[in-house]
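Construct the entire structure; sequences and hints are all you get.
Note that the working numbering has the sequence shown beginning at 1, numbered continuously upward.
Quick caveat, the hints were computed from the structure, so don't treat them as lab data. Note that CB positions come from ideal geometry on N, CA and C, so glycine has one too. Mixed in with the good hints, there may be bad ones.
What the hints assert, rightly or not - The calculated lysine to aspartate or glutamate pairs, modelled on DMTMM-like cross-linking and capped at a C-alpha distance of 20 Å, are:
| no. | residue 1 | residue 2 |
| --- | --- | --- |
| 1 | Lys307 | Glu277 |
| 2 | Lys685 | Asp646 |
| 3 | Lys358 | Glu735 |
| 4 | Lys355 | Asp799 |
| 5 | Lys512 | Asp539 |
| 6 | Lys541 | Asp477 |
| 7 | Lys310 | Glu333 |
| 8 | Lys760 | Glu111 |
| 9 | Lys238 | Asp215 |
| 10 | Lys139 | Glu93 |
| 11 | Lys201 | Glu400 |
| 12 | Lys667 | Asp705 |
| 13 | Lys631 | Glu647 |
| 14 | Lys667 | Asp533 |
| 15 | Lys631 | Glu670 |
| 16 | Lys201 | Glu61 |
Stated by the list, open to error - What follows is a set of in silico ranges between Cβ atoms, one per label pair, in the way DEER data are often shown:
| no. | residue 1 | residue 2 | range |
| --- | --- | --- | --- |
| 17 | Ser283 | Ala463 | 44 to 54 Å |
| 18 | Ala397 | Asp110 | 27 to 37 Å |
| 19 | Ser85 | Pro125 | 36 to 46 Å |
| 20 | Thr795 | Glu565 | 13 to 23 Å |
| 21 | Pro125 | Asn175 | 28 to 38 Å |
| 22 | Asp608 | Glu144 | 58 to 68 Å |
| 23 | Gly99 | Thr795 | 25 to 35 Å |
| 24 | Ile253 | Asn577 | 47 to 57 Å |
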Amino acid sequence: MTTATSMGTGRKLLACISIVASFVFWQDAAAQSAASHPAEVLINHTKSTLQEKLFVHTDKEFYVAGELLWFKVYYADAFLHQPLSLSKVAYVELMDSSGNAALQAKVSLDELNGNGSFFLPVDLPSGSYTLRAYTSWMKNFLVEYFFYKKIEIVNTRSGESTLNTQSDEAEPHINFFPEGGNFIAGRQNRLGYKITDGFGKGLNARCALLGEQGDTILRFRPLQFGMGQILMTPDAGKAYTVVIILEDGRKFIEQLPAPLASGISMTVDRNEQQQIEVSVQSSVETGLYLVAHTRGLVKLAQAMNTKDLKAGFIINPALLGDGISHITIFNAEKKPVCERLYFRYPENEANLQIKPSKISAGIRDIVSVDLELREASVVASGANLSMSVYRVDSLQAQREEDIFTYLWLSSDLTGYIESPAYYFDPANTNRAGAMDNLMLTQGWRRFQWQDVLAGSGGKVLFAPEITGHIINGTVIDSRTNRPAAGINGYIAAPGPYTVFRQSVSGNDGSIKFDVKGCYGGNELIAQTYIDRDSIYRIDIKSPFSAEKYFPDQSPLIVKQQYLTELLGQSISAHVQNVFVAPAQQHMIRSGFDSSTFYTNTDERYLLDNYTRFTTMEEVLREYVRSVSVRKRAGGFALHVYDAGKDEIFENVPLVLLDGVPVFNTNKLLEVDPLKIESIDVVSRKYFFGGASYQGLVNMKTYRGDLGGYELDPNAIVIDYEGLQLQRAFYTPSYEVDSIRNSHLPDYRNVISWKPDISIKENGRASTSFFTSDIKGRFAIVVQGLTHNGKPARATTYIDVR
1 MTTATSMGTG
11 RKLLACISIV
21 ASFVFWQDAA
31 AQSAASHPAE
41 VLINHTKSTL
51 QEKLFVHTDK
61 EFYVAGELLW
71 FKVYYADAFL
81 HQPLSLSKVA
91 YVELMDSSGN
101 AALQAKVSLD
111 ELNGNGSFFL
121 PVDLPSGSYT
131 LRAYTSWMKN
141 FLVEYFFYKK
151 IEIVNTRSGE
161 STLNTQSDEA
171 EPHINFFPEG
181 GNFIAGRQNR
191 LGYKITDGFG
201 KGLNARCALL
211 GEQGDTILRF
221 RPLQFGMGQI
231 LMTPDAGKAY
241 TVVIILEDGR
251 KFIEQLPAPL
261 ASGISMTVDR
271 NEQQQIEVSV
281 QSSVETGLYL
291 VAHTRGLVKL
301 AQAMNTKDLK
311 AGFIINPALL
321 GDGISHITIF
331 NAEKKPVCER
341 LYFRYPENEA
351 NLQIKPSKIS
361 AGIRDIVSVD
371 LELREASVVA
381 SGANLSMSVY
391 RVDSLQAQRE
401 EDIFTYLWLS
411 SDLTGYIESP
421 AYYFDPANTN
431 RAGAMDNLML
441 TQGWRRFQWQ
451 DVLAGSGGKV
461 LFAPEITGHI
471 INGTVIDSRT
481 NRPAAGINGY
491 IAAPGPYTVF
501 RQSVSGNDGS
511 IKFDVKGCYG
521 GNELIAQTYI
531 DRDSIYRIDI
541 KSPFSAEKYF
551 PDQSPLIVKQ
561 QYLTELLGQS
571 ISAHVQNVFV
581 APAQQHMIRS
591 GFDSSTFYTN
601 TDERYLLDNY
611 TRFTTMEEVL
621 REYVRSVSVR
631 KRAGGFALHV
641 YDAGKDEIFE
651 NVPLVLLDGV
661 PVFNTNKLLE
671 VDPLKIESID
681 VVSRKYFFGG
691 ASYQGLVNMK
701 TYRGDLGGYE
711 LDPNAIVIDY
721 EGLQLQRAFY
731 TPSYEVDSIR
741 NSHLPDYRNV
751 ISWKPDISIK
761 ENGRASTSFF
771 TSDIKGRFAI
781 VVQGLTHNGK
791 PARATTYIDV
801 R
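Now the structure itself:
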């Protein structure tokens, strides 16, 4: 028996280094020998191919149009769940049932995590929406491993019918899952099964397995969520039928898959010593290899020959990692032939306790909250948490997913997982059996063994955004409408903040602009060197994924008896929008971070300090001593004085107007001098974006609107949303008597949202919030991730009377 060395907390740093190497060398990994041991190949693959996970904590899960949806993004590596600092942008979308994005945001991950909000427009249709989140790097992998969460929204003012007592009729069906993947005739097989409706929800039923003559071989029922397992020995050449009778009396019949005549099969059981027994049967005597890994980290590798066409492996569960492990059987040619998932419940969980100062509070009352976090009975080393306090009612159902269930379970499975919290609740005595059924009926496909063994991880199409948001585009030759290589491109945002980026198109015409620090809505201008490359244009690509995938497709159902609560929530949203709209629109951060462009100028001319001439030519000639205006046959040209060599630069400088490159000096000099506020000059060689410029001249208008300068027709002007501005959560401060006694209504049903609570080395943190005018039961939900990569979550309740 051999085991792979476990990676420690230094894996976080290694992962950040590895991703750069993987971006360069991933596609060259085909040089690996396919004959290498599968465990060795997987170890190398894991080291060179970083994968990421995102989890999004929302303030609640049911909304009405006109409310704010608050969210916090947690970012970790997919192997050990260590917090990462690699990708700097998360893409968050609210998708409707047709796969169209209703709302989108680019969220900064500068502080290892990110937070933001969506205002749900008052005309947003009712429906079941999907919140999804991912990074640019995650787009290189399967879309199934983006983060997904169901969000229900009702619009009570749209005039549409929003109340339904039941979902549309959906055809039920049953799927069968042979253990290990192969259903072999003449030997005992374990078959997992899952009975679901058309939306993936599990159904309870009475089932019977029938032979060819209609004889009943076996009767069975699912254990939980429509899932269960049976043992049977099929005969070769015979057909088997399963009859399913649902609880509502509906009946349907399905054929069992035809068994294979020969092959390799496996079963996984626990013996009396609670060890894992892996039994393998083969139609021919052969060498076998077993590899067990947890999220790509190899835990065990064994080899054995099939004696009497059978083989057995014994695995100590302690060798496997927490969460989902893969037990894979390879044949003598080292090709995967059987696979089984196994779940080990996490040990040494992070224990989070919420201690409110009162469990019963009045309206407009203050409630203090103490948080205590421990890991393995010792004080936690630190954590980042988020807290939501919201009213619990019939509309706001109990959360089915939290950061703990997501990181340990849902994030490593594809498809819809019904009620993940059920599998972790100690009160559910059959949770271990239900978890085993889930492992038997689910697939885990973060990578394909065939790709790993062949040394091919796929083509890297999306670079990691390791410094900030990257705007991607393609340089197009307008004559042929085909991509053009080696063309200089520029992107800029006119305004008071000088934002300018330069890049060169690659062999495929692709061009990238790193726009770190670009926040909020902006008008972007993309262009090539117009005087020299006037036949080219730049087409900007959307950074959002075009892939569509919806793990939970169940429709929105709001029952008639909840109408009063629904209208009350809608009125609350309307009142808040009317009375506190300005406070809810307060943004914490705005504008651009211009520190990445030139920070020091050699000369700055504030034209208000001078008597204005009537033309820009005269202003430059008379006042700007470091800029020479020369007139050539083709018109005017500007040259900058080289202060270092005490001479005029031979070539023209980089000339900007409100940060936008200007290549037509004649047009620039036609701008009204009364619209120019200042002129910056850099009197030396300036290096930026891989290019060298003989000086720099940047003219800034008062309004940041180019002062009437007419852009070239090939320049592309687009409205572009940068990183989302952070909205400040509004809450009145009722410590002041005048505010507490105010007649201004406070109808907040989310009375606190704190996305950045930091647990220090002592394992403690404190915060507080004020209740509103709404009475009822409120949930205090806290979630987060420790610095050691352990998910933490806790919920408690208070009553407002």
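Against the structure, the hints:
1. Lys307 / Glu277: holds, 17 Å
2. Lys685 / Asp646: The hint holds at about 13 Å.
3. Lys358 / Glu735: Distance of about 17 Å is within 20 Å: holds.
4. Lys355 / Asp799: At roughly 14 Å apart (the allowed maximum being 20 Å), Asp799 and Lys355 satisfy the hint.
5. Lys512 / Asp539: Cα-Cα ~11 Å, so holds.
6. Lys541 / Asp477: holds, 16 Å
7. Lys310 / Glu333: holds, 18 Å
8. Lys760 / Glu111: holds, 16 Å
9. Lys238 / Asp215: Status holds; Cα separation ~13 Å.
10. Lys139 / Glu93: holds, 14 Å
11. Lys201 / Glu400: holds, 13 Å
12. Lys667 / Asp705: Cα-Cα ~15 Å, so holds.
13. Lys631 / Glu647: holds, 18 Å
14. Lys667 / Asp533: OK: Lys667 and Asp533 at ~18 Å, within 20 Å.
15. Lys631 / Glu670: holds, 14 Å
16. Lys201 / Glu61: Given pair Lys201, Glu61 holds - Cα atoms ~19 Å apart, limit 20 Å.
17. Ser283 / Ala463: 44 to 54 Å: Holds, at about 48 Å.
18. Ala397 / Asp110: 27 to 37 Å: Given range 27 to 37 Å: holds, Cβ gap about 34 Å.
19. Ser85 / Pro125: 36 to 46 Å: 39 Å Cβ-Cβ, so the 36 to 46 Å window holds.
20. Thr795 / Glu565: 13 to 23 Å: At roughly 21 Å between Cβ atoms, Glu565 and Thr795 fall inside 13 to 23 Å, so the hint holds.
21. Pro125 / Asn175: 28 to 38 Å: holds, 33 Å
22. Asp608 / Glu144: 58 to 68 Å: holds, 59 Å
23. Gly99 / Thr795: 25 to 35 Å: Cβ of Gly99 to Cβ of Thr795: about 32 Å, so the range 25 to 35 Å holds.
24. Ile253 / Asn577: 47 to 57 Å: holds, 54 Å
Of the numbered hints stated above, none is contradicted by the structure.
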